[in-house]
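Novice: Here are the chains, one letter per residue:
2 protein chains.
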Amino acid sequence: MLNKEFKEKLILVAGKQNVEDSNASRLVYSYDATPGFQSLPDAVVSPRSANEVSEIVKLCSEYKVPIVPRGSGTNLAGGTCPTQGGIVLLFKHMNKILEIDEENLTVTVQPGAVTLDLINQVEAKGLFYPPDPSSMKISTIGGNINENSGGLRGLKYGVTRDYVMALEIVLANGDIIRTGGKLAKDVAGYDFTRLFTGSEGTLGILTEATLKLIPMPETKSTMLALYQDLEAAARSVSKIIAGKIIPATLEFLDQPTLKVVEDFAKIGLPTDVKAVLLIEQDGPADLVSKDMLKMAEICKQEDAVSVQLAKTAEEAEALRTARRSALSALARLKPTTILEDATVPRSEIAKMVTAINEIGETYNVQICTFGHAGDGNLHPTVATDARNHEEMERVEQAFAAIFEKAIELGGTITGEHGVGEMKAPYLEWKLGTAGIHAMKAIKDALDPNGIMNPGKIFAKDTRKRVVVTS
Amino acid sequence: MLNKEFKEKLILVAGKQNVEDSNASRLVYSYDATPGFQSLPDAVVSPRSANEVSEIVKLCSEYKVPIVPRGSGTNLAGGTCPTQGGIVLLFKHMNKILEIDEENLTVTVQPGAVTLDLINQVEAKGLFYPPDPSSMKISTIGGNINENSGGLRGLKYGVTRDYVMALEIVLANGDIIRTGGKLAKDVAGYDFTRLFTGSEGTLGILTEATLKLIPMPETKSTMLALYQDLEAAARSVSKIIAGKIIPATLEFLDQPTLKVVEDFAKIGLPTDVKAVLLIEQDGPADLVSKDMLKMAEICKQEDAVSVQLAKTAEEAEALRTARRSALSALARLKPTTILEDATVPRSEIAKMVTAINEIGETYNVQICTFGHAGDGNLHPTVATDARNHEEMERVEQAFAAIFEKAIELGGTITGEHGVGEMKAPYLEWKLGTAGIHAMKAIKDALDPNGIMNPGKIFAKDTRKRVVVTS
Chain E
1 MLNKEFKEKL ILVAGKQNVE DSNASRLVYS YDATPGFQSL PDAVVSPRSA
51 NEVSEIVKLC SEYKVPIVPR GSGTNLAGGT CPTQGGIVLL FKHMNKILEI
101 DEENLTVTVQ PGAVTLDLIN QVEAKGLFYP PDPSSMKIST IGGNINENSG
151 GLRGLKYGVT RDYVMALEIV LANGDIIRTG GKLAKDVAGY DFTRLFTGSE
201 GTLGILTEAT LKLIPMPETK STMLALYQDL EAAARSVSKI IAGKIIPATL
251 EFLDQPTLKV VEDFAKIGLP TDVKAVLLIE QDGPADLVSK DMLKMAEICK
301 QEDAVSVQLA KTAEEAEALR TARRSALSAL ARLKPTTILE DATVPRSEIA
351 KMVTAINEIG ETYNVQICTF GHAGDGNLHP TVATDARNHE EMERVEQAFA
401 AIFEKAIELG GTITGEHGVG EMKAPYLEWK LGTAGIHAMK AIKDALDPNG
451 IMNPGKIFAK DTRKRVVVTS
Chain W
471 MLNKEFKEKL ILVAGKQNVE DSNASRLVYS YDATPGFQSL PDAVVSPRSA
521 NEVSEIVKLC SEYKVPIVPR GSGTNLAGGT CPTQGGIVLL FKHMNKILEI
571 DEENLTVTVQ PGAVTLDLIN QVEAKGLFYP PDPSSMKIST IGGNINENSG
621 GLRGLKYGVT RDYVMALEIV LANGDIIRTG GKLAKDVAGY DFTRLFTGSE
671 GTLGILTEAT LKLIPMPETK STMLALYQDL EAAARSVSKI IAGKIIPATL
721 EFLDQPTLKV VEDFAKIGLP TDVKAVLLIE QDGPADLVSK DMLKMAEICK
771 QEDAVSVQLA KTAEEAEALR TARRSALSAL ARLKPTTILE DATVPRSEIA
821 KMVTAINEIG ETYNVQICTF GHAGDGNLHP TVATDARNHE EMERVEQAFA
871 AIFEKAIELG GTITGEHGVG EMKAPYLEWK LGTAGIHAMK AIKDALDPNG
921 IMNPGKIFAK DTRKRVVVTS
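Line by line, the protein sequences give chains E and W. All residue numbers for the first sequence refer to our numbering, where the first residue is 1 and numbers rise by one. All residue numbers for the second sequence refer to our numbering, where the first residue is 471 and numbers rise by one.
In short, the hints are calculated from the structure, not lab data.
Which residues of chain W face chain E? A partial, calculated answer using Cβ under 7 Å:
| hint | residue |
| --- | --- |
| 1 | 657 |
| 2 | 712 |
| 3 | 816 |
For clarity, every value in this text was computed on a predicted model and none was experimentally measured. For every residue, glycine included, the Cβ atom is placed at its ideal position computed from N, Cα and C.
Take the sequences, apply the hints, and build the full model.
Specialist: Here it is as structure tokens:
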């Protein structure tokens with residue numbers, strides 16, 4: 001419950017209509033897309049400007065009230081769940097695309113702008129914003145920046161971080177700072193633009209961002225390579241990269257995922273093969289056909305049973321959409337869907353895929369695996385039921401084993417979803433005690449009262465390490 | 471002078487031969503490439519491993535001795551000058567290229583490796599490391615990372631930061647941490663890889679780095695566009711980018727620079743024109759010729775008096791080398807050469823070039839301007855004599871006016887050289903009091919004793935702002 005005095009002051013700042021604390025509105029923002037996390041906020045506040053955010057943050061600091069910034073709540077690691085109560089900050093009023101600068105190739109946006117709207121608007125001007133998280137139809141740019149979101153085009157074009165040029169941020173003391181600029185080069189001080197990108201709202205509240213755009217590639221081509229052998233598919237991925245081709249997209253789907261996706265999307269995906277690679281290249285037409293030919297050859301050499309080029313743009317779009325719908329499709333199977341994003345160096349993809357299958361057998365858990373194979377970023381997913389405690393325990397053990405294996409292979413516990421609260425107990429496995437300690441020093445320096453999305457990234461306890469099963 | 475006990479302990483850690491405190495060796499490391507900065511260190515220490523660095527840092531922490539890490543001392547902002555004494559850390563033993571990983575397209579190096587050696591070694595394998603600071607023949611990768619160095623290829627390929635994937639760092643408490651990995655995607659915790667990149671040795675000591683490589687572009691083409699009008703050259707730059715062409719290199723040299731460079735390099739550069747653009751594109755042959763044609767057309771439309779394609783690879787290399795030698799050439803003119811790197815959004819290049827000339831006239835200072843026009847990163851340079859105090863005062867005022875103008879145009883006080891000690895008094899102009907305050911909180915959190923390259927980035931006093939002259 002909100003302190004009465006605090007609530008009155010909040011209303012003075014944000015307006016009565018922008019401070020909601022009815023049970024209904026609190027319930028709506030009590031969870032995000034992560035299973036197993038739910039907690040009521042004390043209020044939901046929708047500021048209209050950076051100055052209002054600053055005033056709200058000062059109030060929260062004074063009254064020691066947690067603040068959880070939230071876009072569309074597509075987070076998969078509990079990052080936007082208000083697990084310690086406090087206020088959820090919504091950006092429904094701060095959702096504008098402020099400027100597309102065609103001379104400097106930048107776009108300036110408010111945090112609540114929807115990713116796909118931005119992509120469509122810049123593409124209408126012949127420009128390209130590559131980061132394309134699967135949730136882009138509803139995800140917001142603020143959420144993408146806070147999580148450093150990836151997507152299907154990450155292999156060639158990088159992730160959100162690679163496109164953030166400047167930020168306006170409200171710090172825990174209410175200070176409004178601006179980092180970077182419309183500048184290709186800027187070394188004036190510490191790289192706050194990138195420190196805040198991916199910091200999951202634990203260091204400050206993002207209120208504006210300037211993003212880099214690039215010229216739209218001329219053409220794009222799409223193909224599917226089908227395999228009866230998982231490892232052959234994984235080997236194709238390594239061989240393509242080692243062959244010095246960087247495709248725009250290089251996605252992997254295993255048979256269980258294929259079946260579920262086809263059942264959902266009904267676009268004629270093959271379900272009788274063990275794995276599929278979805279491969280795309282973009283750029284000038286000649287170059288694209290040359291690369292596609294070379295990649296098709298590599299796939300065939302690595303025992304692809306068939307390599308099929310998409311014949312039309314519609315067919316290609318259907319394939320991409322099907323891939324993006326994997327989570328939605330899997331979510332229909334059972335009440336609880338747990339999707340992870342362990343990531344390994346590209347060279348280790350085959351080993352990781354094999355290990356995931358072995359781990360699934362060991363813990364008697366059916367794991368569907370798909371993901372951005374070219375990045376080494378896999379999404380092993382389990383459809384389960386949170387009410388079945390015995391099975392949930394096995395699922396958790398299986399994921400712990402997957403994280404351990406990823407780290408053993410030189411990888412990480414999260415490639416693009418973030419740590420949030422769900423993966424916080426595993427973070428020390430990747431960073432070590434000293435790494436966590438240094439991060440905590442920075443967190444405490446910028447947020448001494450611990451009001452900025454508390455409980456995220458930093459865990460109360462690190463999970464005990466398991467013995468890897470393979 | 472070193473405390474005797476401290477020195478004995480240092481020798482125990484690093485070996486007698488690696489702890490030098492003779493007057494001669496202290497003198498050698500008392501300055502870097504920045505005019506006006508000189509100060510004797512108490513000793514020069516050359517560690518052989520990260521563990522030795524950790525032990526040295528612990529000792530320095532115990533005895534409150536400053537540590538200044540140093541590559542080849544090509545810093546232009548006083549960043550590697552031991553202005554508060556202490557020890558200069560050399561990496562002559564930690565200079566190896568440890569691994570080139572052709573499957574993951576990475577190279578792992580020690581900080582003392584020379585940039586050009588790395589570039590040559592990876593190019594021999596058909597791979598490409600784009601960051602190419604003009605000092606690359608002698609600069610080290612450790613220095614490049616600490617300064618987030620740019621170069622001629624920054625426009626298309628980005629700067630050092632865009633290629634750092636993983637770091638090993640020794641923190642001020644002696645902890646050794648590892649950030650990142652051979653991973654295209656990694657969001658496990660704060661982005662320490664980028665926070666430390668460009669932090670100028672003020673947060674920790676870099677002991678190893680893994681850098682991203684890309685496939686070597688197939689071909690490269692080079693041309694010179696000559697102008698009798700500075701602004702026409704600047705307009706051509708904006709129009710090329712707005713035309714959605716991103717050339718590999720887009721360098722600008724004004725007439726005073728051209729004359730000096732030609733006098734130095736004697737390769738037949740035109741000295742009877744007001745400005746030259748050096749333009750390069752790389753990639754597949756067809757694409758390169760298409761882009762070069764389009765750019766030549768734009769230059770002609772914008773009143774280039776001549777556009778000349780380099781006929782041979784040797785001619786192209788001579789042009790690039792001449793451009794890279796600009797600082798050396800200018801340094802021959804007078805005892806003191808002050809080179810700055812104010813940076814503006816690309817669209818503001820014409821305004822900035824005009825302003826620099828006006829500022830030169832106002833303060834009666836001859837400014838030669840060259841630089842990475844495509845990035846908006848200019849290097850206005852003054853050849854002067856530090857012993858002429860009256861002139862030096864005017865030079866300083868002129869540079870203050872240049873910084874002020876750059877910031878007014880949405881730019882920054884340094885694009886690629888770093889803040890160091892020289893530009894620290896101007897940093898608040900760019901970041902504001904709140905920005906400096908937040909940076910200082912991080913510095914204090916990670917380096918509570920203030921031993922890591924003290925006096926750099928953070929100034930005792932901010933310089934008073936001047937009134938811009940145009």
